[in-house]
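These protein sequence lines are chains A and B, in that order.
Residue 187 in the numbering used here sits at position 187 of the first sequence; the count goes up by one each step and never skips.
Residue 103 in the numbering used here sits at position 103 of the second sequence; the count goes up by one each step and never skips.
The hints are simulated quantities; they were obtained by calculation from the structure and are not laboratory data.
Treat each hint with caution, since some may be false.
[Claimed, not checked] Coverage of chain B stretches by chain A, computed from C-beta distances (three or more under 8 angstroms per stretch; other residues unrestricted):
1. 69-79
2. 128-134
3. 164-174
4. 220-234
5. 270-276
[To be verified] Label pairs and their calculated CB-CB ranges:
6. H153/B <-> L33/A: 42 to 52 angstroms
7. I263/A <-> R48/B: 43 to 53 angstroms
8. L141/B <-> L133/A: 50 to 60 angstroms
9. T45/A <-> G25/B: 29 to 39 angstroms
10. A163/A <-> G25/B: 20 to 30 angstroms
11. G29/A <-> D41/B: 45 to 55 angstroms
12. G25/B <-> A15/A: 53 to 63 angstroms
13. F204/B <-> G179/A: 14 to 24 angstroms
14. D131/A <-> I275/B: 52 to 62 angstroms
15. S193/A <-> L53/B: 44 to 54 angstroms
16. S185/B <-> A12/A: 24 to 34 angstroms
17. R48/B <-> R69/A: 55 to 65 angstroms
18. L53/B <-> G29/A: 46 to 56 angstroms
Source: prediction; values computed, not measured.
All C-beta atoms in this analysis are idealised placements derived from N, C-alpha and C, irrespective of residue type, glycine included.
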Amino acid sequence: MTRRTAWLPAIAFYAIGGLLALLFVAPVGWLVLASFKSGTEFAQTPPTYLPQTWSLENYRRLVEAGLFRNVLNSVVAAAGTVVAATVLCVLAGYGFARFRFRFRGVLFLVVLSTLMIPFQSIVPSLYVILDTLHLTNSLAGLILVYTVFALPFGIFTMRAAFAAVPAAIEEAAIMDGAGTLTTLRRVLLPVVSPGVATVALYAFFTAWNEFLAALIFTTRQEQYTLPVVLANLQTGAGGLLNWGVLETGAVFAAVPCVLIFLILQRYYVAGLTGGAVKG
Amino acid sequence: MSGPRARRQRAGLLFVAPAVLLVLGMFVLPVIVTAVMSFYDWSLLGQRTFVGLANYDRLLGDTSWWHSLGFTTLYTAIVTAALLVVGFALATAVRHRRRGVGLLRTAFVLPVVIGFATASYLTLWLMDDRIGVVPDLLRRLGVVDGSVSVFSHFPSALTVVVVLVVWKTVGLTMLLLMSGMQAISKDFYEAAQVDGASRARTFFSITLPLLRPTVAMVLVLTVIGSYLAFDQFFILTQGGPDNSTIPVVYLIYRAGFIDFNLGYSAAMSIGLMVILLILTTVQLVVLRSREDQ
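Using the sequences plus the hints, can you model the full thing?
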């Protein structure tokens, strides 16, 4: 193995690797630093590379412009999606992995087949359906849509997680007289918790970052999620673009994802590569 | 058949029911509704008339549709090639355990979790002619003179979007290729080393052939993902200059929600579904038949 790792001298490896890593991380870090410039400094020509004077003006302006409402919308949409998708995927994964019932194979195939159909192509009809249900311009409607987006991958992941648990564990609980739900909650859930974390993470990123559906299904500023209200700000209704507020909004959109990823990246990577190894 | 055991098995249906009903109602039903809508002159404002194949007829003669397909295909080809090359390079660099390699992996994957819209706003700032750092640097270095409006020229606009997409998604490509590489038995490499094979030879004769299933999956994911591009074009190029950067999903959005013609946008959606199905099938068949040889 020495030959294989020594072909590139360590110094060169770390120099190039470090530089590349910086290239991947720096833009976001730089954006965060820049958000602490004053509004005028942010929009000045030529740009300053680091804040000359540190200021919270962009953050104050963001609140004054009412954008906190939209940050909150994104939080509610993401939280709702995480809860709904995780609960539904745990139940469905348990059902598909541990029970034999009629149509099991067909139903699972239906769920999997939706992985092949991109939601972008059903947006026109989804709009009509939501409109019929009076769920446009509502966070509940968005949560419903995002939950459905997160289901195929989540059910697939949870079914695999439950299938990997030895049957003996479950049988012991049943012998002790535990009901099905009690067995699920007390005995199985702790064992499959890494899978649950993966599903919850994906649901969060789906809901927090989604743009197209939110752009179409909400038409009033007070219902916009964060990414959509920023687009609205960018194309602004005739007014001058406030760069500082726009980019500080982008900080609010980016930082939660980065922090959650850094804390839980083990589960994120497991979700990505789990299918790769098995498939 | 109604003992406790059978009752227990039937409970499974109750567990899967909520999720399956949602998928049926909000995913399967919309596909059917899309197909139905495509036969109607269906306005966003409510009026609808059955028009048979008129929407599809119009689609076949619609130059903006063909132009958009051409552009999306070009964009997909460039992005896929770039992602595979850069992804392979990064995966090769970080596949082995080595001090600090975990940090590098984390750094490369970090942009993956940020939304396309968010990354686009970031790019907008970096590239802005007046306040952006990139044009400023280019001017200071004397590469360009005067204004740098990257989004008003097709080649530079496309280049910026491609760089953004590679930056944002190559971490995923890298991870998938890396886990595929790690699944290849070390015996092959030891045998190659005994035979005195060069690094290039080892890569093309061992790594690449054994990685075929992984490459197939990466290809399918990348092609589908690129074909569905929307956020970055909506925010950065807004379809310009001269409507030259309108991917298919953007066209569907415009037809349905700017021109209020849901029926026509549904016909485009069906077209997009068919194209993606064909693309995916072709890729899988090609990669599988090579494997069988």
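- Message: Tell me the numbers of any earlier hints that the structure contravenes, in ascending order.
- Response: 1, 6, 9, 13, 14, 17
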